[in-house]
Amino acid sequence: MDRFPKRHLNHYSFRFCRETEFTENEAVLRERAQNSDAAAQFHLAYRFALTDWAQTVSLLERAAAQKYVPAMTSLAAIYWNGDGVPMDQETALRLAEEAYALEPVNAAPTLGTMCILPKDSSKRDPERAFSLLLEGAEGGNLFALPNLGYCFLDGVGTKKDPERAVALFRQTEVLGNSKYYLAYCALYGIGMKQDRQTAQKYALDALELGWEEVLRVLLFLYPNGSPEQKEACAYMRKKAAEGNAVYAFIYGAWLFNRMHVLSAIPWLWRGGWAGRKVLLVRGVLALLGFVWVLSCYQLWLAK
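In my numbering, the protein residues as written are 3 to 305.
Because the hints were derived from the structure by calculation, they are not lab data.
A portion of the hints provided could be inaccurate.
[As the list claims (entries may be wrong)] Lysine-lysine pairs mimicking DSSO-like chemistry, simulated, CA-CA at most 30 Å apart: (1) K69 / K279; (2) K161 / K232; (3) K279 / K240; (4) K195 / K162; (5) K195 / K232; (6) K203 / K241; (7) K240 / K69; (8) K203 / K232; (9) K161 / K125; (10) K162 / K232; (11) K195 / K121; (12) K162 / K121; (13) K69 / K121; (14) K69 / K161; (15) K121 / K161; (16) K241 / K125; (17) K240 / K125; (18) K69 / K195; (19) K125 / K162; (20) K240 / K121; (21) K161 / K203; (22) K203 / K240; (23) K125 / K279; (24) K162 / K69; (25) K241 / K279; (26) K279 / K161; (27) K195 / K161; (28) K203 / K162.
[Unchecked claim] Label-pair ranges, simulated between beta-carbon atoms: (29) K195 / W271: 31 to 37 Å; (30) D54 / E129: 23 to 29 Å; (31) L282 / Q68: 29 to 35 Å; (32) R96 / K232: 29 to 35 Å; (33) N246 / E129: 23 to 29 Å; (34) E63 / A243: 30 to 36 Å.
Every residue, glycine too, gets a C-beta built ideally from N, C-alpha and C.
Start from the sequences and build out the full structure, keeping to the hints where you can.
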């Protein structure tokens, strides 16, 4: 089974730990769920997350139909990412908006995250994303902090502040996406001391929690030629081939750094403006280098 159910299960385990429903045995939960108890349907859904994802989605849909906000935001995230269901970002956004109207603080992280990187870039709303995530964080919602940190890291709807971003990630180290961001920051020394060993620790922890996206960091950390690096490489290539410009750029840059220049060019080109800028700069430098060598050769011949 894909790792994403594990990611969802970990993400919501903190909510489980604070609610008595999680301590009840499965028979009691089933009985309550059959009696249209939305909270029971929600908790029972995540007991199926690692074994029967279709049942998980079905239970979440039943709970969401009763306007149970945790189920609405969970289902919204599943449809937004296409996790085991056809991707449907319009349905996801509608669910998130409805949940936000009911419980703003609890739904703000989900809706705010959707405003950052929608599939339709024309619907991107960085200012609203930052405002929603800040609202969730100030309201005490733990799950708002990692993506609020991302806003400070990348300057989404606010000024870049890498140190503040890292501080937010460290407050929620227990969450997989915070570990992923910390791995990235440690690898490149952004907002914290550069430390490849620390980066690898955070990255492996994030991978264990189901965040496969962290393979884009591990690609640069695994020993060259290792089975782990080959797995990371295959994942990056797959994502890039599916049309993900960010992964195409990273994969192309990795190939370029390993001197596989001809192989890197088409991937960098697919990587959007960032990749094409690399090609332009490297191309100009290569041309200048060629001109310099040719000039030196002509001077040598003249002598």
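Looking at the structure, which of the earlier hints fail to hold? Of the numbered hints, 1, 2, 7, 10, 11, 14, 18, 24, 30, 31, 32 do not hold.
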